Amino acid sequence: MSDNELVNQQFPVKVEQPGGSGNIFARVFDELTAFCRSRSLFILHYCTGCGAIELPPAMTSRFDMERLGISPMVSPRQADILLITGYVSVKTLKRVILTYEQMGSPKYVIGICSCTVNGGMYWQSYATAKKLNDYMPVDLYIAGCMPRPEAVITGLRQLMENIRRGEANGWQDYYQRYDHYLGHQQRLFGETWQTPTDVIAEAKHYGLFSNETLGEHTKLLQQHQKPLEALEMRLGLDSKDKVEP
Amino acid sequence: MHWAELIAELVLMPLVAFIVGLFMVLMMRKIAAKLQRRVGPPVLQPLYDIVKLFGKKTQTSHGLLHDFGIVMAVGGYVAAETLLPVPGMNGIAEKGGMITLLYLTMIPSLGLALGVGQCANPNGSIGISRALTAMLAYDIPFVIVIAGVAMHFGTTNLVDVVAQQQAGGFESWGAVQMPLLALAGLFALQGMLGKQPFEIYVAPAEIATGPMVEMGGKFLGGLFVMQCFQLYTASVLYVTLFLGGGENWITFLAKSFAVLVVPMSLAFLFPRYRTEDMLAMLWKWPVILGLIGLVFVTN
Ligand code: SF4
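Just so you know, the protein sequences line up as chains A and B, in that order. Just so you know, the first sequence maps onto residues 1 to 245 in the working numbering. Just so you know, the second sequence maps onto residues 246 to 544 in the working numbering.
Source of the hints: derived by calculation from the structure; they are not laboratory data. Given the structure is predicted, the values throughout are model-derived calculations rather than measurements. Fair warning: there could be bad hints in the mix.
Simulated crosslink set (DSSO-like; lysine-lysine; CA at most 30 Å straight-line) [as the list claims (entries may be wrong)]: (1) A/Lys94 with B/Lys302; (2) A/Lys131 with A/Lys204; (3) A/Lys226 with A/Lys94; (4) B/Lys500 with A/Lys131; (5) A/Lys204 with B/Lys529; (6) B/Lys529 with B/Lys302; (7) B/Lys302 with A/Lys226; (8) A/Lys226 with A/Lys131; (9) B/Lys302 with B/Lys340; (10) A/Lys130 with A/Lys94; (11) B/Lys500 with A/Lys219.
Between beta-carbon pairs, the in silico distance windows are [stated by the list, open to error]: (12) A/Ala201 with B/Met351: 33 to 43 Å; (13) A/Val28 with B/Pro449: 52 to 62 Å; (14) A/Pro57 with B/Gln304: 27 to 37 Å; (15) A/Lys226 with B/Gln304: 43 to 53 Å; (16) A/Thr154 with B/Ile533: 54 to 64 Å; (17) A/Pro196 with B/Ala408: 41 to 51 Å; (18) A/Ser61 with B/Glu451: 16 to 26 Å; (19) A/Asn23 with B/Ala503: 40 to 50 Å; (20) B/Val506 with A/Phe189: 48 to 58 Å; (21) B/Arg282 with A/Gln225: 28 to 38 Å.
All residues carry an ideal CB built from backbone N, CA and C; glycine is no exception.
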């Protein structure tokens, strides 16, 4: 028995499969949920790169995303898709990961533009994160510099189709192979990198804990991880914060 | 009334309200789309959204009050539906009346305030403080309107109000008898539904949808359900007070949908007001209109 199987026995990996259960009503219900999930997508657009400029035409009267049930949302808690439009710098990537971890599962990531695929024209830049799917599970790439709204819509339709068939499972990968993603994150942000979200506990909660959830990188995380503290609230400026005239 | 019939009505009335409310949400989104020269969402889109939100795997709760706030928000409206007479069903409308209804429509905002308070998100707190200020703004003209209607018909019983209007025909409709109060009511409706220019507590670009900012999954689903009820309650109340209620389901639905077209179409003509401007506007114009309207009220 390989290591992998051994751990899988200890921590059974529950992967949702539409139509997998024997109960006919449960299956109908699963199919209905999968269908509704695919037909109602709230996007959170993290528009930092130049590719973002193709989203307004895709949303407004020319192409009208709402026909497909896709509407923009403004808070990660409400969103299903994280849309990353273009290059992400190292600084931005931290925020992108924070945002991604706050979204409710099932969640999907779409990388728009060549820059998210391989760095695009920023290939040799020191400040740009080149391959987005090293740091978070990308369900779909829409390549192009920049992709036209038709391409964006086609990509979204492809994602809808994948969701309906139960194939867009990138978010499960994030929990199952957290160590892998965390390793890449630590490579960029340093060893003390931590997010407020307890991904490992969440993985256990979903039953997605696997032998690659923990590893050398999560060990490093656990060494320095501090529990989240409430921000201190103060009125007025302390003497040390006072701005010198 | 037989008790079994009453129970059936108490279950049916919120259910009907929810289904009609789904179509009202659809109409709202379709009107928005048409005004922006888009096609708009498919017919079942509001339902897809709600099923998807309840089917989410992560339900981030910030504590007991957060859960409870949503229950209050939806529950307040569910209770309000049983007080609104619709064709063939009166529920407990005869026992409640306008004053109880007025109280029940405030519960959702208060519930939301409780729930959002526990999220401890600054955007949510700003949103909810704006929502309560907005309530302060539209409730003054709203109460004047309710008082005027009650004085005119000599009762606070909604079933009586509908019966009197239907007995006298079109000339005895509230809107014909008290046009100024009806106009003030439309003002208050715009504020109550939180439509532009009074959209201060949603404000997606500025406070990230305010009270909704920390809501995902079933919490947001609950708010979507609440929105259906909210549109239904506001329009049916207006129809009951001013447009003669419903003789049958066809005219009733036609009237309720027609009432909502006004705030929804106006919404896209205006930008958003600031909170204090909203207060000034709602306390000035509809209140003046309502007070003048009160002078002309006779019974
Ligand atoms: S792929 Fe091209 S358009 Fe897209 S972000 Fe990179 S440089 Fe900009």
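(request) Against the earlier hints, flag every one the structure doesn't satisfy and list their numbers going up. (result) Hints 4, 5, 6, 9, 11, 13, 15, 17 and 21 are the ones this structure does not satisfy, whereas the remaining hints hold.
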